[in-house]
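**Student:** Starting from the given sequences, assemble the full structure and let the hints guide the process.
Heads up: the sequence lines are chains F and E, in that order. 1 is the number of the first residue of the first sequence in the UniProt record's numbering; add one for each residue after it. 1 is the number of the first residue of the second sequence in the UniProt record's numbering; add one for each residue after it.
Watch out, some of these pointers could steer you wrong.
For chains that are exact copies, the list does not tell them apart, and a pair is met inside one copy or across any two.
Claimed, not checked - 20 Å max Cα-Cα, derived SDA-like pairs, lysine to any residue:
| no. | residue 1 | residue 2 |
| --- | --- | --- |
| 1 | Lys88 | Leu134 |
| 2 | Lys41 | Glu220 |
| 3 | Lys88 | His131 |
| 4 | Lys115 | Gln33 |
| 5 | Lys209 | Val36 |
| 6 | Lys88 | Asn2 |
| 7 | Lys41 | Gln70 |
| 8 | Lys74 | Tyr176 |
| 9 | Lys74 | Pro175 |
| 10 | Lys74 | Phe11 |
Derived by calculation from the structure, the hints in this document are not laboratory data.
2 protein chains.
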Amino acid sequence: MNLVLFSEADFIGDRLIAIRDSRRLQHISQVHQVKVGETLKVGLLNGNMGSGLVVLYNETEIQLEVTLTQAPPKPLPVTLILALPRPKMLKRTLQTIATLGVKKIYLINSYRVEKSYWQTPLLEPGAIYEHLLLGLEQGCDTLLPEVHLIKRFKPFVEDDLSSIVGSTRALVAHPYTDLPCPAQIDYAITLAIGPEGGFIPYEIDLLKKSAGFTAVNLGERIMRVETVVPYLLGRLY
Amino acid sequence: MNLVLFSEADFIGDRLIAIRDSRRLQHISQVHQVKVGETLKVGLLNGNMGSGLVVLYNETEIQLEVTLTQAPPKPLPVTLILALPRPKMLKRTLQTIATLGVKKIYLINSYRVEKSYWQTPLLEPGAIYEHLLLGLEQGCDTLLPEVHLIKRFKPFVEDDLSSIVGSTRALVAHPYTDLPCPAQIDYAITLAIGPEGGFIPYEIDLLKKSAGFTAVNLGERIMRVETVVPYLLGRLY
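**Tutor:** Written as structure tokens, this is what we have:
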């Protein structure tokens with residue numbers, strides 16, 4: 001937690017907030033080990049960041065007087081279309097995506113996504129929210145990404161994806177193509193990343209035909225989704 | 001396991017290998033679900049890759065007739081100097097580094113590395129080896145990285161690091177500098193990445209003064225080490 005994120009609900013005065021939940025309390029007391037009179041880096045969810053002066057500190061509550069003058073970092077101009085990863089990876093991947101500044105994520109079904117992955121409690125709104133918060137707190141950002149769950153591949157790609165892509169460039173990471181992934185670009189993209197084992201040829205074709213995607217490759221090495229997301233975003237921007 | 005890695009010790013004939021350990025057996029039977037007559041992608045540790053024809057398959061043994069004609073992917077021209085991460089991250093970071101093709105890693109101490117991290121059983125040679133293998137199997141590579149454990153920062157940086165850097169460009173990722181990290185380079189580097197919270201100013205100064213490092217920044221967002229490694233390598237090459 002490099003940033004103490006709070007929401008409008010935490011305000012107890014004009015510029016005064018109270019942290020009372022055990023997750024943030026514990027983290028602040030154990031990791032930051034603050035005392036009254038010290039300051040913490042704070043951010044209002046979907047708002048500005050700044051500093052929080054500790055004015056009260058006990059086992060059940062920390063009160064901070066906040067000054068919020070700094071805008072959060074600029075979002076990455078990326079819409080991510082991600083085949084739903086296995087639960088263990090999903091958790092870390094959601095955090096990483098939030099840390100890196102992606103604000104629009106579609107978790108989609110695909111032929112090689114195991115049906116059981118859709119049953120994980122991690123996909124409940126509260127759980128997604130929690131992992132996005134952890135990612136924002138890590139990356140020092142306040143803008144909560146939106147996450148959409150898409151359980152049917154074909155109607156999504158055929159009916160909805162074109163308008164999601166809009167005027168961005170649409171790229172799909174795919175090992176079986178010769179075109180290398182671009183680097184250091186200055187335009188917005190919609191980036192699709194397949195499941196372990198990749199999208200099947202039918203899916204790649206549909207992405208190309210129905211939504212104007214271009215397949216790009218990442219070299220010979222096969223990465224896990226939690227690795228390929230930062231690898232690609234580091235390369236692109 | 002996108003590649004079945006084996007070693008010289010697995011040979012039971014001229015081109016015949018036997019897989020008998022439970023980790024590889026289980027993975028091959030559960031994930032690949034192969035039958036006699038099918039082929040698997042295989043690689044000889046520190047040697048060539050190719051295909052393995054399943055000639056015998058039962059609960060305790062899989063025999064493969066291997067043809068090894070393909071060279072492993074080219075290593076990344078990177079020497080990584082990494083402040084020892086916390087054990088949970090170390091595991092994944094070792095795997096990621098191996099997947100991405102780094103072949104020389106120094107895990108070093110630094111002021112903000114907790115002493116207890118050096119006690120983890122993950123640093124025993126067998127454990128390091130195991131996680132590197134998992135990373136190679138994921139990335140489809142056979143060349144085992146070398147990992148060095150450096151428990152004292154100062155003598156390492158003052159006495160040894162210059163000759164490790166050699167003629168490469170030496171970069172240290174550091175939030176408090178204006179110089180952005182280069183991208184899409186075509187030369188070899190030695191890349192230092194600090195602990196959570198970063199290297200302290202004294203350490204940055206010593207890296208600059210004693211070993212010719214240049215500090216470069218990665219933007220406003222603070223990443224975990226398991227994220228920053230692929231992010232940087234995707235950006236650089």
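**Student:** Does the structure break any of the earlier hints, and which numbers would those be?
**Tutor:** Those not satisfied are hints 5 and 10.
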